[in-house]
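*Asks:* Given the structure of chain A, go ahead and fit chain B onto it with the hints provided.
2 protein chains.
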Amino acid sequence: MAENEAAVEKVELDETRVEAIREAVDRGDSDEVSRLLKPLHAADIADLLEQISGGERRELLALCSGEIDGDVLSELDETIREEVIERLPPEVVAEAVRDLETDDVVDILEDLEAPAQGKILDALELVDRVAVEQAMSFPEGSAGRLMQREAVVVPEHWTVGDAIDYLRKATQLPDQFYHVILVDPRIKPLGYVTLGRMLSARHDVRLKDIEEDNFRTVKATQEEEEVAYIFNQYHLISCPVVDDSDRLVGVITIDDAMNVLDEEHGEDMLLLAGVGEEASVLDGPIATVRQRLPWLVVNLFTASLSALVISRFEATIASLVALAAVMPIVASTGGIAGTQSLAVAVRALATRDLTSSNARRVVLREVTAGAINGLVLAAILGLLGTLVLGDSWLGLVLAMAMIVNQIVAAFGGVMVPLMLERFGLDPALASGTFVTTLTDVMGYLAFLGLATIVLL
Amino acid sequence: MAENEAAVEKVELDETRVEAIREAVDRGDSDEVSRLLKPLHAADIADLLEQISGGERRELLALCSGEIDGDVLSELDETIREEVIERLPPEVVAEAVRDLETDDVVDILEDLEAPAQGKILDALELVDRVAVEQAMSFPEGSAGRLMQREAVVVPEHWTVGDAIDYLRKATQLPDQFYHVILVDPRIKPLGYVTLGRMLSARHDVRLKDIEEDNFRTVKATQEEEEVAYIFNQYHLISCPVVDDSDRLVGVITIDDAMNVLDEEHGEDMLLLAGVGEEASVLDGPIATVRQRLPWLVVNLFTASLSALVISRFEATIASLVALAAVMPIVASTGGIAGTQSLAVAVRALATRDLTSSNARRVVLREVTAGAINGLVLAAILGLLGTLVLGDSWLGLVLAMAMIVNQIVAAFGGVMVPLMLERFGLDPALASGTFVTTLTDVMGYLAFLGLATIVLL
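Protein chains in written order, with the numbering used here: chain A, 410 to 865; chain B, 410 to 865.
So that you can see chain A by itself, here it is in the shape it has in the complex:
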């Protein structure tokens, strides 16, 4: 954020620039690499380091480690951050982290192994080191880890003029702040005043008289997911963080909350699909296998349930082999319906549109919609089955099984995440696997069971 950098016009990272940088790295042309990196935002330099191959990354870091500052480190995906820090000369790392706010240092530290952590802690000034170590004492994923320690506080009885004089004289203001926090003598936050309102008020106005009515604090131990929800729900820009005795310990700003919201969403999508929540396209094959294999093995066994169900009806299938061909249609369409219902429910739980107040109504709505979908699909499949297979009884069985399975899918899709949440688990936790197991088993059972009764 040095002021003399303002002159460089920022450009976005596009394919042409990535290619140009790669070529310059190949040629070992460090001046050209520096020239191409210079106008990029730290977040884009981090993206570049993530997109190029491991070999290119190694060469680039060797050529111009000086371009990697603290902001780049804090933007890097944790998968490769450790590797980058290891390759940088200690003095570059020290220089890089010294410019960062404490919350960014904490963010970098928490994913590192002990030796790399020590390297960074040693580089900090004592006061920053203490702040960072205090933040690290809060649980991972808590507001205490997310907050910055730097806050602008003033006594609640001050006037606008007092506050402006104070700010003009202060030497250690945070890089970015949007509010002045009013505190009592115990440093308990009581309210805040936006800088905009302060600037447009007369000097003799009391800060208390122009404070925002939309004031909230969060506890340092609160989960960051909850914090992100509060920011989004109440349109906060910044929010004071307090300890158990309600004393101010830091401030969280909306850009950090937005980041958490973004990450939580990504995790939900991955969990829903049965992938470890930290999965990234930047992971190597072995890390990828480790994230995915567990649920695949679980699915291998749950899928065996379907096999067990089908094997009970081998006699039925033996007498009409066409059944084996059409039975996956019922199971598969059920799987899609279950996934649809599930996605809507997981989303609604995240946005708190689905709560215990309306759960019963939502389940009923799902089952009704499932029944209607089932009827329409049954009509199409029944007709098609009758025409193509030339067997109207088989068409009827297909249609009936479809209705049953669509209702089961709609019901299961909303009940599985509701139950997971009730038991304090993440409603997205591999619920896809549970729901498709349910629709598979029920699909085969309904179809083959009905076939045995009707056709034999």
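Honestly, the hints are just simulated from the structure, not real lab data. Predicted model only: the values in this text are computed from it and were never measured. Warning: the hint list may mix true and false statements.
[What the hints assert, rightly or not] These stretches of chain A come out as covered by chain B in the derived footprint (C-beta under 8 Å, 3 or more residues):
#1 594-605
#2 643-656
[What the hints assert, rightly or not] Quick list of the computed label-pair ranges, beta carbon to beta carbon:
#3 A:D652 <-> B:R770: 21 to 31 Å
#4 A:A579 <-> B:K578: 23 to 33 Å
#5 B:E421 <-> A:G550: 16 to 26 Å
#6 B:I789 <-> A:S801: 38 to 48 Å
#7 A:D423 <-> B:E504: 40 to 50 Å
#8 A:R761 <-> B:D478: 14 to 24 Å
#9 A:E468 <-> B:D618: 36 to 46 Å
#10 A:A471 <-> B:V536: 33 to 43 Å
#11 B:H566 <-> A:K578: 24 to 34 Å
Glycine included, C-beta positions come from ideal geometry on N, C-alpha and C.
*Replies:* Leaving out everything else, chain B in the frame of chain A:
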């Protein structure tokens, strides 16, 4: 945001309060309902209206329409916003929208039918009405719709003192602003200064000398999804919006961008599951059927492809009916693997970790991981198949088919979203259906094909 409201302590909406409000509504006790609504944030009142049933909502609105202000309307889910506006007396609606920033009015208007739109436009003062109508002239989902017209701009050559004097005298400042935008005489934005930096600088410092280096503008026609990405990527708090000739037309603030990010994520999750992107648990059964039936019908036909594949092997199945029982294991585990790979790829495309620069590397990584997963699963399934079914040749066929299908799943899971994106479509667009169709068809084909060769 009236200052006298600051005294009421804000509480969060919990189950107890929802129940208490419901009971008061049942009793027709409008004083009690008002008392219980008063300490709630507008976003929580909106959530309450969404969670209660249609009948309760009608009664609540009849009892105390006065508690519904513009902020509540702008927080309401569009599914019920129209209903609420229709039930409110015209003067309440008029009063409500007059307090809102133009971007919030636009947000409300764009989902309404023409008569309700007219009702709101008529309630606005002329200058606001013109601003709203101008914003409505930008395409839906564009930055022009998202921005507020109210911006604080000053000539680039001003000093801090000039700006502070100007702000002190200004009568029409926005509710919330965090930057002063520097413009040239054509009102082209050239940079901005944070209020914090302005407050702590000397009065004779030129604004140009303390401007942020992290300055960006967006075009009014840019998509809001792109805008949200820019805010999150570059940690912006507010961003000027310009027209085609680079003149300032408005400002977008991060709370609106965060909202867009949240909505886009929800849409991705729904699209991936094959549900219309506007689906909500608040929709009625008919709206739900309309959002889901199309993809279910598509899936009915794609699932028929699997049936077609299986029917080609009826002779094989007839000679060994156990094949019909175990074949879904291969297909189902492939479906899960494809979904895993898909979720990681869709997420990576959204965060731009997956670009054309590393697509080849990521695909190779997926296929490698798929092959390893396939080998492990094949070992388990082959052994299990041999032991349970007492047929080592059948175990071998299961194992080989599993390897093939895991590789297909990993490849398809990343290629489908990459292709959709290449063709300018949303990579999440029902890709789940495509990928599971692929893994189903390949699963049955590989297993039954190998069984025909090896076992017969």
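*Asks:* Look at each hint and say if it fits the structure.
*Replies:* How the hints compare with the structure:
Against chain B, the stretch 594-605 of chain A contributes 4 residues with a C-beta closer than 8 Å to a partner C-beta. That satisfies the three-residue criterion, and the hint holds. Given a C-beta distance limit of less than 8 Å, the hint that chain B covers the stretch 643-656 of chain A holds, as 4 residues qualify and 3 suffice. Range check, D652 (chain A) to R770 (chain B): Cβ separation about 46 Å, and the 21 to 31 Å hint is violated. Range check, A579 (chain A) to K578 (chain B): Cβ separation about 26 Å, and the 23 to 33 Å hint holds.
At about 21 Å, the CB distance of E421 (chain B) to G550 (chain A) agrees with the hint of 16 to 26 Å. Here the CB-CB span from I789 (chain B) to S801 (chain A) is close to 42 Å, well matched to the stated 38 to 48 Å. The hint said 40 to 50 Å for the Cβ distance between D423 (chain A) and E504 (chain B), and at roughly 48 Å that hint holds. One distance hint, 14 to 24 Å for the beta-carbon pair R761 (chain A) and D478 (chain B), holds here, with the actual separation near 21 Å.
Roughly 38 Å separates the CB atoms of E468 (chain A) and D618 (chain B), a value that falls within the hinted 36 to 46 Å. Separation of A471 (chain A) from V536 (chain B) is about 60 Å and departs from the stated range, judged on CB atoms against 33 to 43 Å. Between H566 (chain B) and K578 (chain A) the C-beta distance comes to about 27 Å, which sits within the given range of 24 to 34 Å.
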